[in-house]
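Participant: For this one, chain A is given, so just place chain B on it according to the hints.
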Amino acid sequence: MTGANGSKKVMLAVEHLRAYYVMRYFGTQREVRAVDDISLEVGRNEIYGLAGESSSGKTTFVKTIAAAIRPPLTVVGGSIRYSFLDRDIYRLDRAALSSIRWRHLSYIPQGSMNVLNPVRRVRESFNDFALPHMGLPKQQFSNAVIAHLERLQLKPSVLDAYPHELSGGMRQRVAIALATVCRPDFIIADEPTTALDVVVQKSVLELIREAQREIGSSMIFVTHDMAVHANISDRLGIMYAGRLVEEAPTAEVFRNPKHPYTQHLIASLPRIGDNSPRTALTGAPPSMADPPSGCRFHPRCPLAMDICRELAPEMIAADPHHRVACHAVNPVVRPGGEQMFAKNLGQRSGLVQ
Amino acid sequence: MRTYALYFVSRLAQFVLVVFIGINVAYLITHLTPIDPVEQAISSVTMFGQSSPEMVEVMRKALRELYGLEGSAPQQYVTFWKRLATGDFGPSLSAFPTPVSTLIWQALPWTVGLLVCSTLIAWMVGNFLGGLAGYYRRNILLKALGIVAMSLQPIPYYIVAFILLIVFGFLWPVLPISGGAEMNIDRQGFAFAASIIQHSILPALSLVLVGMGAWFIGMRSLVSNIVTEDYVTYAELGGVDRRRILFSYVMRNALSPQVTGLALSLGAIFNGAIITEVVFGYPGLGTLLVRAVNAGDYSLVLGITSVSIIAVAAAILVIDIIYPLLDPRVVQG
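Residue numbers (the working numbering), protein chains in the order written: chain A, 174 to 526; chain B, 17 to 349.
No wet-lab data here; the hints were simulated from the structure.
Owing to the predicted nature of the structure, the values given are computational and were not obtained by experimental measurement.
Idealized CB from N, CA, C, for every residue including glycine.
Treat the hints with care, as some may be off.
If you only want the chain B side, here are some residues facing chain A, beta carbon under 7 Å, derived [unchecked claim]: (1) Asp246; (2) Tyr247; (3) Tyr250; (4) Leu253; (5) Gly254; (6) Gly255; (7) Val256; (8) Tyr265; (9) Arg268; (10) Asn269; (11) Asp343; (12) Pro344; (13) Arg345.
In isolation and in its complexed conformation, chain A is listed as follows (with noise of 0.2 Å):
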């Protein structure tokens, strides 16, 4: 695999993973492809970002790594392989993983300010989540959740009270809290700030960052909010239609985006000092129960050729540290030894300044 840091531990090497919605009615089955052919790695320490418009398939990526999937949604090939694992997760009994949870692998799910049980004090959910994953007596446990959350700038009155008497900021807060109370080795946190206001999104990030940093555990982070990105991730994987399609260091994507459609999301950034009108894209995203032939973007695509219909492009190395999934960035040997080539690269720097 073309790792992006080869120097660094890998903590998480996902490979060519396939997960489908598979659904029959009436004797006929239907596939939606939610995530097609995803390869990546997140190295330790890592804050690795997913990019993408709503229904590229960001959260059932990360609901499928951190096995966090049931039905219809099933995962149809590929390995997902943690470092502090001997086997794929999906090999594991339901015993084994549930004791790695919160360990070594927890989850901030989306709307993660609705996640704690209304009827229980915050306290309660702590010792539901962490107690029997921490192996400590309930004494030594509580002075560590409060320690951590003192580390984490909260308040240990939070434990008594119910989830309805904290504002939603909060909510997510201790939802993080809990999240990395175990000090796990990796961490996947799905849009944690989309619900939010900018100023308590600023304060949640800085949190979340601050959690990821003291503990030194890796992280995989979700927002279609490319600022977000810019403030928290230090890679950036761009998601369409199931698939990655961009994948670089986050000031690498941002000054320099391959893919057309990375082109077009950055371009459509508001920036400082720049009045020029936004181009759109026309069309929309595809449905993924009738994926489009080839490329999944060819539709929208101004560079579209002819083998963007019919092939389907691999992730490959552009430069080192970057891969994109695109016949006009990376030349395709047809079977026939031809070589074949953007039509006009030049095109596409007018995109971006």
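Facilitator: Using the frame of chain A, we list chain B on its own:
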């Protein structure tokens, strides 16, 4: 704690208001009926022979006084509340001169015993099984139970009562089909208790079967909504103990509306099973009420209605008071 005290006082005030209005409505309705109990009593006395008009007039006056009917309407109303304050509903008109309160006190333990037990059993079993069925949706046994519950639930309880009566009273006569207990038996001791239980099996079963079906279906749909809540999926993801999830996360959250339902059906037991009592000849309030209505005994009707109003309101009050323990969000609302 202060919010809770405030909550308690406001609920108590509501209780008093509801009881007052309810009893007034019942008073109004019973006193607006065209049946005059005095004339009924006189006609039943004079049916068997002539009485002199003077004697009838004396009788009428005496009866009016006894029934609390002398004086103007406002005076009667005040007298009614004065009597009620001491727990006195006046004499029964059909079982004169037995006081209404005595009749109610005799019938009350039967009704309360039968209905509280069957309602609680139906509630507990129905909710527990319904909760399991909602949580373990793939379990064949629970699915089958769901179908049984679904087919039992819409059948009126008195139809079930008749079916039970036919099956266990005539086809396979193993259980007593009438009365509250064996007659001519020492009203103390084990034999009497056993006889009560034996007599209550059929009426209770008819109520439990139907009631359980309703609770089962309600709880199952509540639970199947709650299992998709974020906090449940998250707890499953977090490796929280499965039994803890089932009870503290799923059932606990589904229980709040069911507890309200329990309160309402506990309150409604005073008029909820009239037909069951009549079918099984059970000596409870339902049988008493039917007899009172047929006899035009409106002080007895008013007495039973008042007890029923107080009971419903009290049940709701009790549930309201313990509700914050179940769902801490209520006090703020």
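Participant: Hints first: check each against the structure and report whether it holds.
Facilitator: Now for the hints, and whether the structure bears them out:
no.	hint	verdict
1	Asp246	holds, 4 Å
2	Tyr247	holds, 5 Å
3	Tyr250	holds, 4 Å
4	Leu253	holds, 5 Å
5	Gly254	holds, 4 Å
6	Gly255	holds, 3 Å
7	Val256	holds, 5 Å
8	Tyr265	holds, 5 Å
9	Arg268	holds, 6 Å
10	Asn269	holds, 6 Å
11	Asp343	holds, 6 Å
12	Pro344	holds, 5 Å
13	Arg345	holds, 5 Å
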